[in-house]
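**Student:** My request is simple: use the sequences and hints to build the entire structure.
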Amino acid sequence: IRLQPRMDDHLSLLQSPPPSVTKTRGDNLVNHGYTETEADVMTVVACDNMLEESAALPGHHSLDRYEPDHECCERVVINISGLRFETQLKTLSQFPETLLGDPKKRMRYFDPLRNEYFFDRNRPSFDAILYYYQSGGRIRRPVNVPIDIFSEEIRFYELGEEAMEKFREDEGFIKEEERPLPENEFQRQVWLLFEYPESSGPARGIAIVSVLVILISIVIFCLETLPEFRDENRDPITIAPVINGTLPYFISPFSDPFFVVETLCIIWFSFELLVRFFACPSKATFSKNIMNIIDIVAIIPYFITLGTELAERQGNGQQAMSLAILRVIRLVRVFRIFKLSRHSKGLQILGQTLKASMRELGLLIFFLFIGVILFS
Numbered sequence: 112i113r114l115q116p117r118m119d120d121h122l123s124l125l126q127s128p129p130p131s132v133t134k135t136r137g138d139n140l141v142n143h144g145y146t147e148t149e150a151d152v153m154t155v156v157a158c159d160n161m162l163e164e165s166a167a168l169p170g171h172h173s174l175d176r177y178e179p180d181h182e183c184c185e186r187v188v189i190n191i192s193g194l195r196f197e198t199q200l201k202t203l204s205q206f207p208e209t210l211l212g213d214p215k216k217r218m219r220y221f222d223p224l225r226n227e228y229f230f231d232r233n234r235p236s237f238d239a240i241l242y243y244y245q246s247g248g249r250i251r252r253p254v255n256v257p258i259d260i261f262s263e264e265i266r267f268y269e270l271g272e273e274a275m276e277k278f279r280e281d282e283g284f285i286k287e288e289e290r291p292l293p294e295n296e297f298q299r300q301v302w303l304l305f306e307y308p309e310s311s312g313p314a315r316g317i318a319i320v321s322v323l324v325i326l327i328s329i330v331i332f333c334l335e336t337l338p339e340f341r342d343e344n345r346d347p348i349t350i351a352p353v354i355n356g357t358l359p360y361f362i363s364p365f366s367d368p369f370f371v372v373e374t375l376c377i378i379w380f381s382f383e384l385l386v387r388f389f390a391c392p393s394k395a396t397f398s399k400n401i402m403n404i405i406d407i408v409a410i411i412p413y414f415i416t417l418g419t420e421l422a423e424r425q426g427n428g429q430q431a432m433s434l435a436i437l438r439v440i441r442l443v444r445v446f447r448i449f450k451l452s453r454h455s456k457g458l459q460i461l462g463q464t465l466k467a468s469m470r471e472l473g474l475l476i477f478f479l480f481i482g483v484i485l486f487s
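FYI, in the numbering used here the residues of the sequence shown are 112 to 487.
Please keep in mind that the hints were generated in silico from the structure rather than gathered at the bench.
Any given hint could turn out to be false.
Said to hold, decoys possible - In silico lysine-lysine, DSS-like type, Cα no more than 25 Å apart, as pairs: (1) Lys286 <-> Lys456; (2) Lys277 <-> Lys466; (3) Lys201 <-> Lys215; (4) Lys399 <-> Lys286; (5) Lys456 <-> Lys466; (6) Lys399 <-> Lys466; (7) Lys394 <-> Lys450; (8) Lys394 <-> Lys215; (9) Lys399 <-> Lys456; (10) Lys277 <-> Lys456; (11) Lys450 <-> Lys466; (12) Lys277 <-> Lys201; (13) Lys201 <-> Lys216; (14) Lys277 <-> Lys216; (15) Lys286 <-> Lys450; (16) Lys450 <-> Lys399.
Note that the structure is a prediction, hence the values are computed from the model and not measured.
**Tutor:** Written as structure tokens, this is what we have:
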């Protein structure tokens, strides 16, 4: 008779729910003498204990939070400097190599008291970071976030080099092209020395010398056209009639100081072009490069002038015709100013801009021609 109440008490205790387990959302939270924070802590611990116990029992199916069936519905709270964001776990799992997509990486920032991930980072930037996961890889910088800060956020969240390249491309940065290098070690060093000034100190020195020679050549080209530096006696047309009635008299252009300086500049240009040609990794690619074509065109007038002067000294009697040809050919030397674009990023950007706007510039020239024809 006394054992019956004790058995009923045991059965009632077994059937009653544990005091630390809370009900689902919408029910009132039963707080047994704890504060709200303490109750949350007790709830997490109780659930973990239940998972451990259920895993130990044979034939019992554990409700692991990282199973695929529950991952699609589980939500994650991310706190960015006090601003909370909430998303699904499967959204972050699309990019497992990133900081938020890898459970091991993001666990360092987990706050067990608040059951959330806390990051002391830039809050406006996280809108775009979260959109990267939600859109499947689209990266868009917010208008109120500077470029350098958003770049740091991309590196912090480990979105990868592909995301960084997309971001830089959208912002208008020039994509750095791959630099093919020669296989031979000596050719590689020579190629870097003459082609890439930023590769070393000696390469920078050679680039400075090349720029100075180009500037000297352009200045000489301008000065020799001024009346103060022109000598009419050096013009093959205005010559003395005869000496002893047989030979024409004129002063040799090889003694002209402008010609001497021009010769020194051409020696440097030719040396630089030949060295770069023999050290380049691909001769075909080198020959098709527009900058190398400009280098060749810039030195051709000198050799044509030199050949014409040597032919005149043999007395062919075609001085007037050769002078007219020389004056036309010498105008080609103005292309030397484009050699500066090899050493100037600004001129390279200007060239790319003109190339991209060629259609619009063509339309502008077309309408200008229409105006000229109508009003002429």
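**Student:** Any hints this thing doesn't respect? Which numbers, in order?
**Tutor:** Number 8 only.
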